[in-house]
Amino acid sequence: MPGKAAGKAVPVPTPETQPYWDGCRAGELRIQRCLDCGKPYFYPRPLCPACGSADVEWFTASGRATLYSYVISYRPAPGFEADAPYVIAVVQLAEGPRMMTSLAGVPATPEALVLDMPLRVTFEQRGEISLPVFTPAGEEHQ
Amino acid sequence: MSDVGVIIAGAAETDEIGRLPSHSTLGLHIEAARNAVADAGLTMRDIDGIATVSAPGPVQVAHALGIYPDWLDGTGVGGTSFLLHVRHAAAAIRAGHAKTILITHGESGRSRVGVAPRRVDLSSPAGQFEVPYGILGPTTTFTIPALRYMKEYGLTHEQLAYVAVAQRQWAAKNPRAMYRDAITVDDVLASRLVAYPFHLLECCLVTDGGGALVITAADRAASFPRPPVHVLGTGEASQTPMISQMIDFTESQMFRRAGQKAFAEAGITPSDVDHLMIYDAFAHVPIYGLEALGFVRKGEAGPFIADGHTEPGGSLPLNTNGGGLSYTHTGMYGMFAIQEGVRQVRGEAAAQLDRADISVILGNGGMFASCGVLVLGRQPR
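Sequence lines, in order, name chains A and B. For the first sequence, the numbering used here gives the first residue as 1, with consecutive numbering after it. For the second sequence, the numbering used here gives the first residue as 1, with consecutive numbering after it.
Hints in this document: simulated from the structure, not taken from any laboratory. Just so you know, not all the hints are guaranteed correct.
[Claimed, not checked] Some chain B residues judged to face chain A by a derived CB distance under 10 Å, without partners named:
1. G127
2. E130
3. V131
4. I144
5. P145
6. F249
7. G294
[What the hints assert, rightly or not] In silico DSSO-like links for lysine-lysine, alpha-carbon gap of 30 Å or less:
8. A:K39 - B:K99
9. B:K261 - B:K298
10. A:K39 - B:K151
11. B:K99 - B:K298
12. B:K151 - B:K298
Idealized CB from N, CA, C, for every residue including glycine.
Please construct the entire structure, taking both the sequences and the accompanying hints into account.
Here it is, written out as structure tokens:
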């Protein structure tokens with residue numbers, strides 16, 4: 001459609017993931033953990049992937065993470081044209097689970113992006129959704 | 001397990017591969033099927049089972065061919081699906097559910113003729129937890145584990161680039177390969193960045209084409225015009241629907257699991273393997289495959305390839321058609337990896353090896369999502 005550029009994708013919550021997105025809107029990274037085996041996990045789902053228990057609860061993660069791996073994409077997805085090249089990262093939360101994210105406040109260069117660098121969560125407004133992204137943690141967060 | 005042996009009695013690709021705007025995806029299935037059935041010396045009336053990926057699907061492909069099969073498999077788990085079809089077909093033949101099974105692939109990956117538009121479900125797990133971060137297909141997802149591997153095991157950018165260099169040496173021997181001109185590590189590193197650390201020449205092609213196989217019981221081998229290719233062992237496994245949730249970014253546990261099953265069934269070890277195909281959508285995948293299958297230890301695959309062991313004249317010929325990086329890659333490349341394994345075992349490959357009694361094919365689907373492994377042999381088990 002000429003003149004109508006697609007925007008960035010906006011996630012659509014499901015009943016199982018709604019508490020996660022509600023947490024994001026409140027400025028908190030809420031994930032789940034198992035009350036039987038104790039393991040935290042991500043992405044949201046009603047069964048513990050480690051032991052199969054349905055006895056799970058939501059909790060607020062620290063928001064601290066480290067940079068596990070990434071690519072710098074030179075081919076923008078719809079809506080990301082002005083951002084390219086941009087980082088698509090996977091971070092490891094302090095609690096253990098990993099998640100994909102974007103990085104804010106850091107140049108998209110290999111020199112600036114050192115694996116295992118400390119990060120902290122922040123939120124980007126995307127339509128009705130608050131999307132968790134990560135930014136380098138200052139000294140006070142380490 | 002039943003002692004019924006299973007063979008690949010017919011195997012063929014479409015007349016041409018590459019840029020085929022005159023063919024739809026369904027048209028490519030039909031051409032590949034016709035060629036494979038003819039290669040087996042059969043007619044469509046001899047086919048009583050059909051397998052292909054979910055789009056266009058076994059019902060559509062069978063109907064287009066004038067076949068009304070009594071056995072169907074629509075397993076669609078990405079580019080490795082056809083390896084799983086071979087495994088499922090072998091089980092069906094042993095169970096007596098079908099006698100002569102046709103497996104087809106066709107994909108207008110480059111020209112996009114007769115292809116359903118891609119739709120992203122933004123309520124799926126990937127739609128909620130990966131797509132919003134700007135991923136755009138395999139180049140931005142399949143590639144993400146590589147930097148972690150490079151940090152943990154010291155793989156260099158030059159070694160990663162050499163994977164493409166080695167495979168181009170095989171492609172140079174293959175008139176059907178899309179790219180045949182020799183390249184150097186410098187050429188690879190000078191090609192444009194697609195998704196750092198991956199340059200264009202470390203990413204697979206995007207092409208049109210198809211291929212098909214005819215699977216049947218080994219006791220019929222003498223009735224076919226072509227030398228039988230015995231299916232000695234098979235394995236399949238799944239891993240992750242989202243790259244961010246891969247358990248360990250430095251190894252593929254599904255490659256290992258499927259490989260162990262296939263090797264055990266065939267009764268072989270890595271030292272028995274004459275010829276190897278590892279799905280190479282990107283340059284790091286053969287590295288993960290070599291280590292998971294036990295050909296080298298963890299962290300050794302990059303230097304192993306860079307030292308020339310997998311190129312022409314090396315001890316472990318790998319991706320001898322040129323692979324997805326240089327031969328062809330329609331999107332679901334697994335069928336072409338099987339075809340090259342069949343050609344080598346039959347002795348009719350463009351870059352034919354002196355000895356190809358045992359060929360192993362490792363297929364990947366999605367972004368480290370699903371895996372199939374086949375062990376093919378010139379002789380029965």
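### Query
Are there hints from earlier that the structure breaks, and if so, what are their numbers?
Per hint list: 7, 8 and 11 violated.
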